[in-house]
Every structure is written in structure tokens, then in C-alpha cells.
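Number of protein chains: 2
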Amino acid sequence: MAIIECVPNVSEGRRPEVVDALVDAVRRTPGVRLLDYSSDASHNRSVITMAGDAAGLRNAVLALFEAALPRLDLRSHTGEHPRIGAVDVVPFVPIEGAGMADCVALARETAAEVAERFEVPVYLYEEAATRPSRTNLEDIRRGQFEGLTAKMADPEWTPDFGPSHPHPSAGASVIGARMPLIAYNINLATDRLDVAKKIAAAVRYSSGGFRYVKAMGVTLADRGIVQVSINVTNYEKTPLFRVFEAVRREAARYGVSVLESEIVGLVPAAALVHTAEHFLQLTSFTPDQILEHKLRNA
Amino acid sequence: MAIIECVPNVSEGRRPEVVDALVDAVRRTPGVRLLDYSSDASHNRSVITMAGDAAGLRNAVLALFEAALPRLDLRSHTGEHPRIGAVDVVPFVPIEGAGMADCVALARETAAEVAERFEVPVYLYEEAATRPSRTNLEDIRRGQFEGLTAKMADPEWTPDFGPSHPHPSAGASVIGARMPLIAYNINLATDRLDVAKKIAAAVRYSSGGFRYVKAMGVTLADRGIVQVSINVTNYEKTPLFRVFEAVRREAARYGVSVLESEIVGLVPAAALVHTAEHFLQLTSFTPDQILEHKLRNA
Chain Z
1306 MAIIECVPNV SEGRRPEVVD ALVDAVRRTP GVRLLDYSSD ASHNRSVITM
1356 AGDAAGLRNA VLALFEAALP RLDLRSHTGE HPRIGAVDVV PFVPIEGAGM
1406 ADCVALARET AAEVAERFEV PVYLYEEAAT RPSRTNLEDI RRGQFEGLTA
1456 KMADPEWTPD FGPSHPHPSA GASVIGARMP LIAYNINLAT DRLDVAKKIA
1506 AAVRYSSGGF RYVKAMGVTL ADRGIVQVSI NVTNYEKTPL FRVFEAVRRE
1556 AARYGVSVLE SEIVGLVPAA ALVHTAEHFL QLTSFTPDQI LEHKLRNA
Chain G
1306 MAIIECVPNV SEGRRPEVVD ALVDAVRRTP GVRLLDYSSD ASHNRSVITM
1356 AGDAAGLRNA VLALFEAALP RLDLRSHTGE HPRIGAVDVV PFVPIEGAGM
1406 ADCVALARET AAEVAERFEV PVYLYEEAAT RPSRTNLEDI RRGQFEGLTA
1456 KMADPEWTPD FGPSHPHPSA GASVIGARMP LIAYNINLAT DRLDVAKKIA
1506 AAVRYSSGGF RYVKAMGVTL ADRGIVQVSI NVTNYEKTPL FRVFEAVRRE
1556 AARYGVSVLE SEIVGLVPAA ALVHTAEHFL QLTSFTPDQI LEHKLRNA
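Top to bottom, those sequences are chains Z and G.
All the letters of the first sequence, read from the start, carry residue numbers 1306 to 1603 under the working numbering.
All the letters of the second sequence, read from the start, carry residue numbers 1306 to 1603 under the working numbering.
Don't read these hints as lab results, they were simulated from the structure.
Watch out, some of these pointers could steer you wrong.
Since the list gives no way to pick one copy over another, a pair counts as held whenever it fits inside one copy or between any two copies.
In silico EDC-like cross-links for lysine to aspartate or glutamate, where the CA-CA straight-line distance does not exceed 16 Å [unchecked claim]:
1. Lys-1542 to Glu-1432
2. Lys-1599 to Glu-1401
3. Lys-1503 to Glu-1555
4. Lys-1599 to Asp-1341
5. Lys-1456 to Asp-1444
6. Lys-1456 to Glu-1443
7. Lys-1502 to Glu-1555
8. Lys-1519 to Glu-1443
Please read these numbers as outputs of a predicted model, since none were measured by experiment.
Extracted from the complex, chain Z is given alone in its bound form (with noise of 0.2 Å):
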């Protein structure tokens, strides 16, 4: 059977009783199991993992906008993290026996179900974008719910669904599809952060670095150490392995080693079977070798 996840973030992170009704509204959806969630009170903020089948999920994401357009009221809502709508964004990832052309499919029609529902004008984004301009989520962001009644007058900004206007409450909703994310950050033995900094310029797309790499140097005060910080969001064309090799040898330019890295949440098993046969020059391998992956598939 295919599996779709789905994971939307939506405008609320501060009252716990109405982040529990938008997770029930989840949970009850047949065809999809919830997997995670977690809510940030200075964000004001929540994330809510879920997966199952396109049928399932578009009526999970249906039931999330009918439970949180009554609650959530953007007119009112603060929090430090850009947002543009209630249902601020929602992106679908192909697992298993789907494709990101099925995740791009799920999008177009969720997206039009919710602003023909709800009224809500909803864009496309990364691999479901109608243009180009639209594929970045932080482009289509920009201004936030303050500034959308603006924008949405520029034809350039004419949604891809539903009106040409904000829903008064619930702002705009940006749906799409993606590859799974991975968070993946590398500490380095040295304090020094110009290090950190230097070395997350080399790898990051934004300055000339890998095509699919988010990245920056933060310090871990606690640990008296500095961190690059990463997000691989496409792991089959920017491996792991890669980005590791690359934050290993800027290091060592400095005089600086890796003293570990670490996979914040989720990672598709893929990432860690390239990483495998890379390191271990492994020929012609392929998935049905893995015991597990067979024994499912017999």
C-alpha cells in the first residue's frame, strides 16, 4: 500500500486544549495514523506528523482546517515564527510506494477542496508550485498575515485556489509537496564560531554550496562547543554522506575535527542504506537485500 506523510504546522502553540481538538480531528480521520506532534510557546506554534493513504489524508487535512477555522484567529495571534494562515502550511512527502508525482496530485486536490470549503485562498509550493516564484515557502511568506491583504492585490500574487483575498480570520494556506527533511547537525571539537559559520557557507545552497543544503553556525553554550547546523531537504540528490564529508574536511582546514553528529527526529532508512554503502564501497546493492524489506514484500 502507498504511504503519504503529511505534515502540517498551524498557528497554535500556546493553548493546549485547542492544539488536543486539531490533533483529535487528526486522530479520528480513518486511513491515517498520527505519528507525532509537538507545540512551541514563543513560535506559538504546533507540527503535527501524520501518514497514511491519499484518500486518508486529504480528509485529515480536511477535518484539521474545519477544527482549527473556528479556533484560531490570526488577527489576534503573535508568535516569532513567520505564519501566514491558521492551517499556516501543508506539505505531503512520498515513503513508500508513492511517488512525488502522487504527492503532487494530493496537493492540487486538497488545495482545491479547502478554498472551495472554506474559502480559504490557498498557493502551491515546491514540487507542486505553478511557477517558479512560488516554489520557496519563505518568498510566498514574506510579509505575513499583516502584509497579505497587499500582496494578494499584486496579480503576481493571485493564489492558486480560492479567492483573491485573505479569509478574514484564517489568512492563506500554502500546500505542496516534498522530499522527506532531515535535520542533521554536526559539532565540532573547538569553541570557535567563525569556524562554524565559515563552514556552513561552504556547504549551504544560499552561498554556493550543495544544491539541498539549509545550513548555519550556531554555538552550544552549554557544551562550550560550536554546531553546523543542517537541513538536507532532498537526501537522494545531497546525501548524507556528502554533506558530512564536506563539514569534515572544511574542518580540518582549520585545524578543527568532527566530534559527532546527530539526526534530530525523523530520517527515512535510505538515507542511513546510502550512507552504508558509500562508506563501505558496497556494489551493486539494492533495497531487496535488506532481510526486512524482504520479509515485508513476501
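Knowing the structure of chain Z, use the given hints to seat chain G on it.
Just chain G, lined up with the frame of chain Z:
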């Protein structure tokens, strides 16, 4: 649900209709999935790979004995591979949700039932062995079917279950529990067989190397290179990455590079995950962080 693997080796690899009958006995057993089987004519031997729960596997092994006994006669059996019985060796292997203790219990229970129902003497081996001298399959099988009557007259070789003399046509069987075995070859960018042999000697247990490694150096004549051909018998205690790194360093000492490595057949996912953890210097990583793992357990 607990999943255990079972890999019976039977002394028939030349008559396809007999192999089919044996495989069918497994295939028809509820609670068991047939994963693979292959026959070798020169060895006159077949290997059947199946997986399931304890009850299903016990029934499948009994069905296999029932199908094999009227069809196989060791008195007229020839083949290059050492053997003492019709159903020669039956290892149970822990895969998921079942530990070694479960496999040892299953081996004992199955052995007792085989001895009682078929009057075939059974030796317990590896993790199920009742004394250290019976840990290694090679020691139990030394003398082969032809030497079995004399061997079993020695009190040291009284079987763990069943009569103290061989079954007339089916000999004896060896049943036990072991870790998954990984067939792992490392190809060197040289045609110097002496280098492959020296490296094999350096890493294998029998000559002072890693405890769970068997290895030999061989020539791949058609490719003009040599190979260190390895069996890792416990990848948790002697991990793949450690064997790979040791071979790489030993090769460098002779000015030789590793060309590539290959896994033959199946490998547990954990062996690859451990490899990725090692080379990425991952800290505090848990299997729960693997997306597919999380999905299955949700």
C-alpha cells in the same frame, strides 16, 4: 509480532521434483512465509529460507522432515558438501520482536519433537548447544554420515535428543539458533592473491582476528583481481564497518586499495544502520528515528 527466520539445509540438490516436494511442505504451512530457496547440484544440497512465528516454523520444520524422510536416503547420497543427515542443519535466527533466547527455546522444542516423531537423533548447536564442544557445526559434522555410527558410539557424542544411533536412511540432524550470517566480500584493486590471503588471515577468528569473522583470500580470475571473502557470524559484536576498516588498513600496508565490497544475499537493516552511525559519528541515535520503523510501530 515476533518474526524468526529459519534456514534448513537439506541433502538434495539434483532432483528438482524432490526439491519441489520439500519446498511445498514449507509453503503449505500456515504462519510461515517462504522467502527463497536454491539448490546446488555439485553440493547435492538445497537451502530453504523461511520466516514466521515460532509455532508456524516448528510445524514447517516437522512438515519438512515428513516430506524428506521417504524421499532421501543418505546411504546413496554423494556431494561435495559435508553432511550427516537428510535434513542436515536447521538454524533459527532472531529477526524482529524475538530474541536469541526465543530461538534457543524453539530449537530445543523442535529437536525434541523431531526425535520423538521420526526417531532421528538430533544435536543442538551454536547458541542452543548443550556443551562447548557442540557449538561449532563443523565439529558435529566431522566424519560425516559415513562415520556416524562409530562417532555416536562414543559417549561424548550421545545426541541431545533421540536414539544413540543414526536413523538408517536419514542419519542425524543438527538444530540450533544463531545470529543472521552476513556474506560479505571485499574486492581489492590488485591481482596479488598473497595479499588477499594475508588480509584474510589477519581478520579471521581462527588465526587471531575478529571473533565473529571467517575469511579466505580468493582470485576472481575473470576480473583479474583478488577478493577477501568473508562471513560475519554476529554483526552486532563484530560489525561490518570494523571489518571493512581493518581490511582497508591491512591492504594499504601492501600498497593496495579496496576496489569495492559486496553483500551476497540478505543483510539485516541494523547492520547497515550501525555502519551509517559509525561513519557519520552519529550520537544518541535510536531505531525509532527511522521513519519506516516509526510508521510500522504507530
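Hints violated by the structure (listed by number, smallest first): none
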